Amino acid sequence: MLSRVASHLYWMSRYLERSENMARILDVTQSLAMLDRSADSGGAMTPIVITEAQAEFAETKLPATYANVIAFLAWDLKHPSSIRNCIEATRENARAVRGSITSEMWENINDTWIAFQEKAKNIDPMMTGNEFFEWVKERSHLFRGVTFATARRDQPYHFTRLGTFIERADNTARILNVKYAEEAPDSFDEKEVDKETDYYRLSAVLRSVSALEAYRDTYRDVIDARRVAEIMIFDAKLPRSLRYCMDETTLVLDELPSGSGRIARRIASEINAKLRYGTIDEVLEYGLKRYLADFLQDMVKLGTAVNAAYMEMH
Amino acid sequence: MSLVLYSPFLLMHAIKPPPFSHFDEMLAWSEAIPSQLQTQFQIQLQQFGGQSQSQSQTLGARQHYVPYSNWLADTPSASLTQRRAQADLLFRRIGITFTVYGEQGGTERLIPSDVIPRIITAEDWAYLERGLTQRVTAINRFLADIYHDQAILKAGLIPREQIEGNSQFQTKMVGVKVPHDTYASITGVDIVRNNDGKYYVLEDNLRVPSGVSYMLMNRKMMMRLFPELFLRQTVRPVEHYPALLLQTLRESTDIDNPTVVLLTPGRFNSAYFEHTFLAQQMGIELVEGQDLFVKDDYVYMRTTSGSQRVDVMYRRLDDTFLDPLAFNAESALGVPGLFQAYAKGNIVICNAIGTGVADDKSIYPYVPDMIKFYLNEEPILNNVTTYQCRKPTDLSYVLANMKDLVVKEVHGAGGYGMLVGPAATAKEVEDFAVIVKANPSNYIAQPTLSLSSCPTFVESGIAPRHIDLRPFVLTGREVRMVPGGLTRVALREGSLVVNSSQGGGTKDTWVLGGDEATPAKNAEGK
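Chains as they are written, first to last, in this note's numbering: chain C, 1 to 314; chain X, 1 to 526.
I should point out that these hints are in silico values taken from the structure, not numbers from a laboratory. Treat the hints with care, since some could be wrong.
One side of the interface only, derived from the structure: several residues of chain C facing chain X at Cβ under 8 Å [to be verified]:
| id | residue |
| --- | --- |
| 1 | M1 |
| 2 | R98 |
| 3 | A151 |
| 4 | R152 |
| 5 | Q155 |
| 6 | L256 |
Nothing here was measured: the structure is a model prediction, and the numbers come from that model. Even glycine gets a Cβ: it sits at the ideal position worked out from N, Cα and C.
Just need the whole structure built from these sequences, with the hints factored in.
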């Protein structure tokens, strides 16, 4: 398969996954905002911090209200990772390789794009709420479903999956890093802080990665910060946990041509080993924030290696 | 006063009749009431008031359109409207678009696809197929000749400066051996039907003719939306075009099991949909210039498992952009060193470099001579009378009669840089005359053909619109084509310009199976 095609497929699914993650983060932000009636600007900025868009947002010179933040991250054409631009980039990448994906996959993405064009005709940030975010998530789910059901298990399929899991691991780590390590640093001490607020914050974090039900099934106990971190990092069965994403990434890399991918495979296996054979106690001892920063660094290395192995055009 | 009668399906769908003098593919005026419509006309006559029939002109469907028009009569307008909307939606979903240049950011547009088919009788097609095979064979002989022996120039049939002074003549190609002497593997020949009922070749497209994907998609849509129509008549299939094309490309080399690729300028090109579509249908890689490189005069593509040799390239990129080292140094779309590899015979490029000289409008008038010269045959297809402005006598005729002529740039394409005299204002004619006088050899002129029309859905209902036909002729070890081709339709009332960039649409083109014998009186164009 052409290196350029591999690159388009990889970025197609990264952008689609990014649009979904953005919708997830915004959805949770909005539901927390309803809880937090004081509407302090700190909470509103969280999604900006998670997605590292502080500089871009500052350029708009808008006050950091929930409405402004949501309008910026969902619709702003100047922000490269806004949902709108992510969907545009997904479709552009897909269009570049529409011959390498199934017609169902292409039509699904094109449908999403057409419907999004319609929505973009009348943007109302106040109405950009749960229904919209659910729609974005659903379109992403649909694409994965169509891919699962129609694509040959061949290189185009593997590169599509690779993009999904690398982007997703990155995102889950960011949510944990910011939403969690910063907002609730005290929660690890068994202090009785504000139990009620804590409950909502933690369950919001779980919901943002579709893990609330999984948490209940796994622990059958109250939601506490330590277990939330544990399930999001180490759970081997939760599709958005770091462990799961890296298990998949390692498997996918094994399916790709082996000659050039040696370094990428080694890095992925190293990251995977830390997740397979680590425990939450070690992580907390080391420091959650430090641990996640290391993880994000490793992911950057992996991304570079994957690019060098399969997608670079010399 | 003569009583004008219409057949019922015309009334039912408010179909606007074509003018008397026009040639319409579906409808024909006649003095007599066709026997199979006799009863219907009697009823209709009574509804009209039932006066004298002696002076009546009737408008009915031509024989080969009768099954279709009967179906139309039985199909409620609402059902048609609904299915047309469905067709639009499908085209949009699948993303069958083209890019309009000159608009902001290269806007993607749908090509309007009309659901009323253009139907060609088996006899007409047999005639066209014979003529096309002859014409394309002669053109390939001509191209091999002018880049090698130049017998036709030596014989004095074409002035030497017409060839060697032509900007499309690639001097680098002189003496370069092209496998099997096949220069034009893929040819799109534009054919129109005049109001005398005869077919004429308007131009030969030998460089990178496009539109075949619309031919295939139109058929797919029609079969999906109107399956019942294909049970009424035997419509010859076209779906195997990609298979024929792949066969043609593979036959262009002597290598066993060659690696074939399609070279596209990229997704900002107006025909990008077609490039992706054909590559996918043929199961070959769709490559851009940046995917390829030349090493030791061989061409390779960069893949996820290393580099891979390329043996045959179906290029959808003009000559000048192919290789910045050999041609336009500014081109970022091409592959440095490609020409050298090509000249050494290490890769086959289809169509060959330098075919443009034969589809130049200044060479077009000589095609009938080529047929006689190389094949020793009489031309089967008609050429349109062409005035070459480089000749003083022709120039003065053109300037004097410009308002009745179509004046075209010799190298123009896509309906740009031309004047349609009868449709132009006096001012436009005057301005164009100045342009022509400034550079006469850049222009040719032809009488305005009255392109045949075909009923077409327009905003006000169904009305006659002008159409042309572009069959795609493939030259491998033999000449092959799928029956029919792409029918383009000028959607603006009275317009003769069918190009998609100028508001043209397309129609599904049906060539009927041979079993449906057509009476001799309908076999026109012979």
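Evaluated hints:
About 5 Å separates the beta-carbon of M1(C) from the nearest beta-carbon of chain X, less than 8 Å, and the hint is met. Satisfaction of the interface hint for R98(C) is found here, the shortest Cβ-Cβ separation to chain X being roughly 5 Å, below the 8 Å cut-off. Violation of the interface hint for A151(C) is found here, the shortest Cβ-Cβ separation to chain X being roughly 14 Å, above the 8 Å cut-off. A distance limit of 8 Å between C-beta atoms decides the matter here; for R152(C) the minimum to chain X is near 12 Å, and the interface restraint is violated.
A hinted interface residue such as Q155(C) counts as satisfied when its beta carbon comes closer than 8 Å to some beta carbon of chain X; here the least separation is about 6 Å, so the hint holds. Proximity of L256(C) to chain X holds as hinted, the smallest CB-CB distance being about 7 Å (cut-off 8 Å).
Of the numbered hints stated above, those contradicted by the structure are hints 3 and 4, listed in ascending order.
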